[in-house]
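**Q** Residue-level listing of the chains:
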Amino acid sequence: MAAAKIVGWLLLALLAAAPWLGLGAYPMHLAIMALLWGYIYTSWSIMGRLGMVSFGHGAFLGIGAYGAVLMWNSAGVSPWIGGAMAVVVTVALAVLIGWPCFRFKIVGHYFALVTLALSEVVRLLIVALRDHTGGSLGITPKPALVGDATGSLAALQFSNKLLWFYAVLVCWLIALWIWRSVDRSMSRLALEAISEEEDASASIGIDVSRTKLQVTMLSAAMTCVGGVLYAQYQLYVNPETVSGIGISLQMVFGSIAGGMYVMLGPTVGAVFLLALSETLRILVGNQFHGLDLLIYGALLILFIIYLPKGILGTVLERLGRK
Amino acid sequence: METSIFDIFLLEAVLNGLLLGGLLALLALGLNLIFGVIDVVWICYAELVMIGMYAIWWLHVQQGLPLAMGFGFGIVVVAVLGAVMHQFIIRPVLGAEPINQLLVTGGVLFFLQAAATVVFGVEFRNLGVRMPSVVIGELSLSSARMVAFVVAIAAIGGTWLFLSRTYLGTAIRAISQDRGIMPLMGVNPGRIYLLTSALGGGLAGLAACLLVLQYDIHPAIGLSLGPITFLICVLGGLGNLIGGFLAAFVFAQFISVGGFFFQLEWGYVIAFVFFIAMMFWKPEGLFAKRR
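Residue numbers (this note's numbering), protein chains in the order written: chain A, 47 to 368; chain B, 11 to 301.
Pulled out of the complex, with its shape left as it was, chain B reads as follows (with noise of 0.2 Å):
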């Protein structure tokens, strides 16, 4: 009896292991994004995800704002913050050290924790919402993150249509394998850089959304979301899309998993730890093709 009650404990991590996969491709897929099309990583791209929760929590409890709405503009705060980071900190730096580059958005990192903390406080915050568990048999899922599984899923499948299927997103596609081609398309790159990085910032605008639901905002949310999500992009190869889709999965199964035979910190360290191995085993990413 005892095996079988450990068993769906199990279960259950593995599942909340596959949901928080979900969340954690579509954080990979907008630092992605903009690592294949910029060439710059940006450290600070959970801190943008933080801004976009205090803003979904300032408009929804704060401002009465109905969630829907609440949501929409955090988006929209969201892109817009991705797109002002493009022109005034990394447009500037485009042409520097790759190390400078990526320690500017080290510095925004600080700059946005502390402007959190300055506007919001050090306390916890929530938006009080509380959504239902659902209970399958012995089973017993939050439905928070079903709903957020879902709705990644669905942005990540969006966001490739637009990226297969429209002009500006072939371009976007193109500038990531070779950026050579951009002059030769008669695309104009800095227009094409802005709109990365406003699509980028409005896809972590949209996981701000999703994570408000589960978890408190704090100004340091962002230190403990940041590191994943970068490490999976480098797992899965930096600017390779799909590779950091599978390597999110990969990565949410170790700390779920890990977290419930031992702590949730041991999850993590696992996954640190399988990170660095994987880094010397396949140093182009997980799911590169041979070369």
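Pulled out of the complex, with its shape left as it was, chain A reads as follows (with noise of 0.2 Å):
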């Protein structure tokens, strides 16, 4: 065990260096969105592997890249306040949701399928708001970068790729802290015992929804931050990229591909993910549109069926079988 934690601090020192082993810029911006979707996945799957599948992550992805950007452009406030209030809204939106899923019991199909309302919601909505929002077209921020300038703190704007890795690199650290935290607590256990009897444990005097709705509030509010940072960083943000069913349902097979049980597994599925689909990408290139996706829903079909406990989830079984 103490070999594979040394182990584990020198990989994490590794891709700290990693910008100054000299990577090129494309190289950056990947290790950067391989990060942040790690993140993203990661905050997913935080609820995901209790039993509380949600289709609906998009939503509070898309609040947090649409609010930052919205208050920046509309009221000139800094995206740090914008941010903060999506991540408000977004708690808010997760109790509404979740507190009666879970008081009223809606599990399984019908937990997926209302979280897949929600997201869509949110997306008509941005489309429907297009006076503001800009619609199908998608929106930018106003840019803060004046002359020579590479960055604006008030602004959450920073041309540096470096400062994006580190502040990546760090939201990801502090998500798989949490997922660790939780991990540990008395809650998980709770949740455990939750998913596989609910009726059972709530007589053993566990509160059930109240912890179910404590792992949906962070959960949601960490998928908003990452919506921030999504946009902050790509300084562009469409609805179908942030919101509805297209993005909820690739957290859920980026979390399930790498393996949701394990603690690296949703990031491991971050990095596959994308390496495919840059892989398709050059391999295919733009002459027959739409064969790198055709490749992905392929790959994803397989993927459930026969490796149904995601790529980390069952290499570390048959290492552990050995």
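Don't read these hints as lab results, they were simulated from the structure.
Given the structure is predicted, the values throughout are model-derived calculations rather than measurements.
Ideal placement from N, C-alpha and C gives every residue a C-beta, glycine not left out.
Treat the hints with caution; some may be incorrect.
[What the hints assert, rightly or not] Quick list of in silico lysine to any residue cross-link-like pairs, SDA-like style, CA-CA up to 25 Å: (1) 355(A) with 110(B); (2) 355(A) with 98(B); (3) 207(A) with 70(A); (4) 151(A) with 49(B); (5) 151(A) with 252(B); (6) 151(A) with 286(B); (7) 207(A) with 281(A); (8) 355(A) with 108(B); (9) 355(A) with 101(B); (10) 151(A) with 106(B); (11) 151(A) with 284(B).
[To be verified] A few chain A positions that, by computed beta-carbon distances, are all more than 12 Å from chain B: (12) 55; (13) 56; (14) 80; (15) 127; (16) 130; (17) 131; (18) 166; (19) 195; (20) 219; (21) 226; (22) 231; (23) 267; (24) 336; (25) 344; (26) 346; (27) 355.
Make one complex out of these two single chains by using the hints.
**A** Here it is in structure tokens:
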């Protein structure tokens, strides 16, 4: 175990030093995206692995991304404050949806479909409010960098990729730490009992709805922050990339493909999906529009059928058996 | 005078909602049937409809087949697709966790959408058939929608007769009420599953025939139809055929009348918010019997 820990720290040190190994702009961009999606998938899996499979995290991601950009563009409010407001809205929404769901024991298919409706509502609202949001065309935060400036802390805009790399690295580490804390806390045991046998856990004095709600609020707030980071890094968002059915399914796929029952599983899923889509994009190019998505979809089907525990989950299981 | 024109438009919206309701009820029936029997929600159900629409367009416009033959082949294509979908994608995960079953159909959603993009491109396609409007007094209704409504209701009736009057139909209904009964009845579950999937696919194919008369075809059309269809099924109680039928009309009114007062997207937003609110009031479905 000690050896595994040392290896882990060494890998982390290597990751932190990676930008100094002479990476070009494109590998840096990929590293940032992998960490950012790793962060978002990890946020999703905090509730997903406890039996609350949400298809609605696109709603939280969308509120974060659009909340920060809209406040900055229309009222000149710093994304720090706009983002914080978006987190408050997101948590309120998570309670509004989560509380009745857990109270009335809406689980499984029903929970997945209710949350899916939520993410569609957010996507449609973004499109319907096109006078403010730009509709399906998307929106760009007003540029804050003038002249030679490479960054504006108040506007949360940086042209320096190094800074973004460390920012998302820190967020990702925090997400892993939260994942671990939840994993080691009493509530994890409670929740595992819940996902197995809800009535039995209630009978031994576990407040089922409350514990579920706390985890949901945490997961939603973290996903919302991911939305803010995504919008500020990309400096462009549109309704399809941050909300609705597509991205919500992608989050679930990524987490499950990597393995949602192990800490680094969702991150492995993020790296895998990113590597897959980039490779296909380069190999296939743009001449066959949609071919990369076709292979992507086929691989996802094969993964769910043949590797239901995910990449990392399966690998760890094999290692453990030896 | 102004109010009377307003009322006419409102009446038109209500009637259009009714016509839309028939079509949505047909979509919900296929999905509900599959869920009731196999206990898997096909997230990609609307993508089957989309493939059906492309098949009809390809046969009629590209290959020059008469429209009626195009329709017939379209239905067969989607029915076969439904059976293939069950045999090669659902069957391997029947014993897996429910969420994996849901996700694998999500993978099919991406796959079919991408396949349509690769084969047919992202341009909007249509049959080029323009059906006239029917004018009654100051009311003007699309005849394509009226035909769709009548055919959809007839198909629902036909499916109902099949389910209640035939041996296979009775077996299907029995299974959707009590899965344990299957071996007792001496039916082969695999065959019933396959048959139900093909029937569900056939209904999707029929819906494709009706939709292709009204809407342009696009690889992403399933994304706008899909969420509505399964929300209707949940609202009516998953697997509850009558509940789904009624919920389709309720939902269609929200979309049509909501879209009349505001904008089309707002109609959907209102319908979705109504759905979420209803889930909390009657989580077992709008028309479930009180237990």
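**Q** Determine for every hint whether it applies to the structure shown.
**A** Right, here's what the structure says about each hint:
1. 355(A) with 110(B): holds, 10 Å
2. 355(A) with 98(B): holds, 20 Å
3. 207(A) with 70(A): Roughly 10 Å separates the two Cα atoms, so the pair holds.
4. 151(A) with 49(B): holds, 19 Å
5. 151(A) with 252(B): It holds: about 24 Å lies between the C-alpha atoms, which stays within 25 Å.
6. 151(A) with 286(B): holds, 14 Å
7. 207(A) with 281(A): At roughly 13 Å apart (the allowed maximum being 25 Å), residue 281(A) and residue 207(A) satisfy the hint.
8. 355(A) with 108(B): With Cα atoms ~14 Å apart, residue 355(A) and residue 108(B) stay inside 25 Å; holds.
9. 355(A) with 101(B): Holds, because 18 Å separates the two Cα atoms, which is no more than 25 Å.
10. 151(A) with 106(B): Holds - the C-alpha atoms of residue 106(B) and residue 151(A) are around 22 Å apart, at most 25 Å.
11. 151(A) with 284(B): The given pair, whose Cα atoms are some 19 Å apart, holds under the 25 Å limit.
12. 55: Holds, because the least Cβ-Cβ distance between residue 55(A) and chain B comes to about 34 Å, which exceeds 12 Å.
13. 56: holds, 35 Å
14. 80: Non-interface label stands for residue 80(A): nearest chain B Cβ at 21 Å, farther than 12 Å.
15. 127: holds, 27 Å
16. 130: With a cut-off of 12 Å, residue 130(A) remains clear of chain B, as the shortest Cβ separation is near 26 Å.
17. 131: Label holds. Min Cβ-Cβ 21 Å, cutoff 12 Å.
18. 166: Label violated. Min Cβ-Cβ 5 Å, cutoff 12 Å.
19. 195: Holds, since 38 Å exceeds 12 Å.
20. 219: holds, 28 Å
21. 226: holds, 23 Å
22. 231: Non-interface label on residue 231(A) holds, nearest chain B Cβ at 24 Å vs cutoff 12 Å.
23. 267: Correct as stated: the minimum Cβ-Cβ distance to chain B is 20 Å, above 12 Å.
24. 336: violated, 3 Å
25. 344: At roughly 6 Å from the nearest Cβ of chain B, residue 344(A) sits no farther out than 12 Å, so the non-interface label is violated.
26. 346: violated, 4 Å
27. 355: Violated, because the least Cβ-Cβ distance between residue 355(A) and chain B comes to about 10 Å, which does not exceed 12 Å.
The structure shown violates the earlier hints numbered 18, 24, 25, 26 and 27.
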